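Q: With the hints as extra help, turn the sequences into a complete structure.
Quick mapping for you: the protein sequence lines, in order, are chains H and G.
So for the first sequence, our numbering puts the first residue at -6; every next one is plus one.
So for the second sequence, our numbering puts the first residue at 3; every next one is plus one.
Rather than coming from a laboratory, the hints here were simulated on the basis of the structure.
Watch out, some of these pointers could steer you wrong.
Unchecked claim - Derived contacts from chain G toward chain H, CB cut-off under 7 angstroms, selection only:
1) L41
2) C45
3) S47
4) V49
5) P55
6) M57
7) R71
8) A126
9) F133
10) G137
11) M150
12) A158
13) P159
14) R166
15) I187
16) A293
Keep in mind that this is a model prediction, so the values were computed, not measured.
For each residue, glycine too, the CB sits at the ideal point set by N, CA and C.
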Amino acid sequence: MATVSENTPPSSMNDKRSFSTWWSRTTYQRAAYYYLIPAAVVMALITFYPMFYQVWMSFTDFGIKNLRFDSPAPNNVGIQNYLDILPDKLKIGSLEIDIPGTGRLTAKVQNFSFMRVLAFNLAWTFINVPIHVVLGVLIALLLNTPGLFFKKIYRAIYILPMVLPWLVIATVWRNMFDQDHGSINMFLASIGGLFHIPQEVFRIRWMENIYPPFDWFLPGLAMPLSFYAMLITNIWVGWPFMTIVATGALQSIPKDLNEAASIDGAGSIQQLFKITIPLLRPAMIPAAMVGTIITFNLFNAIYFMSGGGPLRQTQILVTTAYDLVNAQRLYGMAAAFCVIIFFVLLILTLSTNRISRATERYDV
Amino acid sequence: MSEITRSINPLASQSARRKASKGSTEQEKRLPFWKQLVLQIICLSIVFFVMFPIMWIVSLSLDPRDLSRPNDFRLIPPGASLDAYKRVLTQPTANPVSFTQLALNQFMLAGGVAIFSVIVGILAAYSFSRFEYRGRRMLMMGVVTVLMLPSIATIAPLFVLLNRVNIHIGELSFNLRNSLFGVGIAVAASQLPFAIWNLKGYLDTVPRELEEAARIDGASPNQVFTRILLPLSTPAIAVTAFLAFNTSWTEFIMSWQFLTNPKNFTLAMSLWNMIGAFSGDTPWSVFSAMALMVAAPVAIVYLILQKYIVSGLTIGSVK
Chain H
-6 MATVSENTPP SSMNDKRSFS TWWSRTTYQR AAYYYLIPAA VVMALITFYP
44 MFYQVWMSFT DFGIKNLRFD SPAPNNVGIQ NYLDILPDKL KIGSLEIDIP
94 GTGRLTAKVQ NFSFMRVLAF NLAWTFINVP IHVVLGVLIA LLLNTPGLFF
144 KKIYRAIYIL PMVLPWLVIA TVWRNMFDQD HGSINMFLAS IGGLFHIPQE
194 VFRIRWMENI YPPFDWFLPG LAMPLSFYAM LITNIWVGWP FMTIVATGAL
244 QSIPKDLNEA ASIDGAGSIQ QLFKITIPLL RPAMIPAAMV GTIITFNLFN
294 AIYFMSGGGP LRQTQILVTT AYDLVNAQRL YGMAAAFCVI IFFVLLILTL
344 STNRISRATE RYDV
Chain G
3 MSEITRSINP LASQSARRKA SKGSTEQEKR LPFWKQLVLQ IICLSIVFFV
53 MFPIMWIVSL SLDPRDLSRP NDFRLIPPGA SLDAYKRVLT QPTANPVSFT
103 QLALNQFMLA GGVAIFSVIV GILAAYSFSR FEYRGRRMLM MGVVTVLMLP
153 SIATIAPLFV LLNRVNIHIG ELSFNLRNSL FGVGIAVAAS QLPFAIWNLK
203 GYLDTVPREL EEAARIDGAS PNQVFTRILL PLSTPAIAVT AFLAFNTSWT
253 EFIMSWQFLT NPKNFTLAMS LWNMIGAFSG DTPWSVFSAM ALMVAAPVAI
303 VYLILQKYIV SGLTIGSVK
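A: Here's what the structure looks like:
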């Protein structure tokens, strides 16, 4: 700026010229903003404004009565919504059930408890993702075996769960877990038939059974059978992505490393743990993080399969929020719930980032 | 060409590949027979696990008995009939709306969201990727933060705000919330950040030498964008548009909450209508046919674009 004015004598004519040189010099700086404007305007309107509006909504008792544009403004209730959600006052009811066979009156089924939902959500995520990653890596290693026949065909088939829409997968699996007509029970019955086990044993009520089948598994959480049904479904969907990522990483490992190791006398197990797995780590950690966030928010599996049931035992945060909006129509409460979800996700993202020390992989 | 022959005849491809690789690596050794057998059994059981639901649903949809509820277990239908598909095409659900209308609604929603988010997204991605200015990092951080949020996270305010907007254009008068356009806005709110992030990730990998040469020759920012970056990023744009389309093709959350008029209903909503609480006694054969018809278009395109999608996603996330 200074150099320009030094070279130009002060006159109105030259002022204009200095402005025009400044104008042409900053073409690129200005272009940056021009290109940003559409996205900035759109996101301000449909993303950030609703987010701020949501924070305001969360301090009100916004309900159906406030929906119309000419309806009265909702009452300000302060932090009452948060107080209702967090210390579990928002219970629609809770009941005690006894687990047959154990002779104990335990398993308090809490029908609407934030801590239960959060705990189940975390358990759901951290049970699913490790299974996906381990299965994905194992199958990638299997497909990477030198000399294995039909690799291409297997690769083509194994990708199928990934390409199907979640909605279709979840609705189809829901049908498959049907008590009387579902293919899972019929398949189990036909296997059991070979061992002369009566058919009635396999009339399993996958989605409705409220008793946790494995008492010892996460004792405080009471995982009903529908959790296992959804776990199977999500494993079916989840591992191919991990296999693809792992295959890509495997193929980039130089063969010389393994050759050198085997010359030095390392067995194949040793090579696996000392070479292959450490070199897979940088690819698998970001994939696992993506998987964690996706699984944590996996609305489709829960909503379409168990609907959060039985007795709200398999609700996760996002399905609860949807329930508050869609079924209960408590918009203010739902807003407060979504604000809480935001902070939970923020903590989850930051901590997974930190744990995996993969922050530097994300170019923000 | 070689790809095609390989997939048709894997045995030939194996031997050909072994022959081809013999010169370079010579590590492609033959597996002992028992090992090959064990691995093949494992591979085939995974194939069974993967194909089980797909075969079952195909079998139900093609079953000539047009089953309301299956009573026996078959993965291969006894004969084939397209009756279930015909019933889906005439009237899939109890609502008075045809399959064509549902598919058209869904297509307009998904196509609109995809085109909109890619156009706005690539402009923003260019800005984020190629310029250095104050607030860039913070803005990109904002985009990534929104990306982390599920679409449900803003459903309450979007529902309330869009419900207040009534649009009157001549004869046409509708509530923005209760229209596909409103649903499109709500879906775009979560698809746009993804488009920006994914396209920026791709643009970051395009080397800058070409543009620098062009800039020295006096090219304007617009020329750099339209002549150099846009042609180079066509595959990434196509993949991003497809991913946005794919998500919106089965978009359920917003449409289920927003839409009340059956003539605006989408495929995703109807599929849920056939099995959820309001299904009544929709025959499962019809449901299966519908599920396959909803899944097929996006699944086929996904398979075709698969290579680009995977590399694009890994470029976006792994840097």
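Q: All hints are to be evaluated individually against the structure, with a verdict given for each.
A: Hints, one by one, checked against the model:
Against a cut-off of 7 angstroms between C-beta atoms, the interface hint on L41 of chain G holds, since the closest Cβ of chain H lies about 6 angstroms away. Hint status for C45 of chain G: holds, given a least beta-carbon distance of 5 angstroms to chain H, under 7 angstroms. Contact between S47 of chain G and chain H, as hinted, is not supported at the beta carbon level, the nearest pair being about 11 angstroms apart and thus beyond 7 angstroms. With a least beta-carbon distance of about 5 angstroms to chain H, the hint placing V49 of chain G at the interface is held under the 7 angstroms criterion.
Interface restraint check for P55 of chain G: the shortest CB-CB distance to chain H comes to about 5 angstroms, inside 7 angstroms, so the restraint holds. The beta carbon of M57 of chain G comes no nearer than 9 angstroms to any beta carbon in chain H, farther than 7 angstroms, and the hint placing it at the interface is violated. Of the supplied interface hints, the one on R71 of chain G holds, with its beta-carbon coming within about 4 angstroms of a beta-carbon of chain H, less than 7 angstroms. Annotation: A126 of chain G was flagged as interfacial toward chain H, and the flag holds, the nearest CB pair being 3 angstroms apart, inside 7 angstroms.
The beta carbon of F133 of chain G is positioned within 7 angstroms of a beta carbon in chain H (closest approach about 3 angstroms), and the interface hint is therefore held. Interface hint at G137 of chain G: violated, since its Cβ lies 9 angstroms from the closest Cβ of chain H, which is beyond the 7 angstroms cut-off. Checking M150 of chain G against chain H: minimum C-beta separation of about 5 angstroms stays under 7 angstroms; hint holds. Restraint check, A158 of chain G versus chain H: the minimum CB separation of about 4 angstroms is within 7 angstroms; hint holds.
With its C-beta approaching chain H no nearer than about 4 angstroms, P159 of chain G sits inside the 7 angstroms limit, and its interface hint holds. A hinted interface residue such as R166 of chain G counts as satisfied when its beta carbon comes closer than 7 angstroms to some beta carbon of chain H; here the least separation is about 4 angstroms, so the hint holds. Given hint, I187 of chain G at the interface with chain H, holds; its Cβ is 6 angstroms from that chain's nearest Cβ, closer than 7 angstroms. Nearest Cβ of chain H to the Cβ of A293 of chain G: about 5 angstroms, under the 7 angstroms cut. The hint holds.
Hints 3, 6 and 10, counting from the list given before, are not met by this structure.
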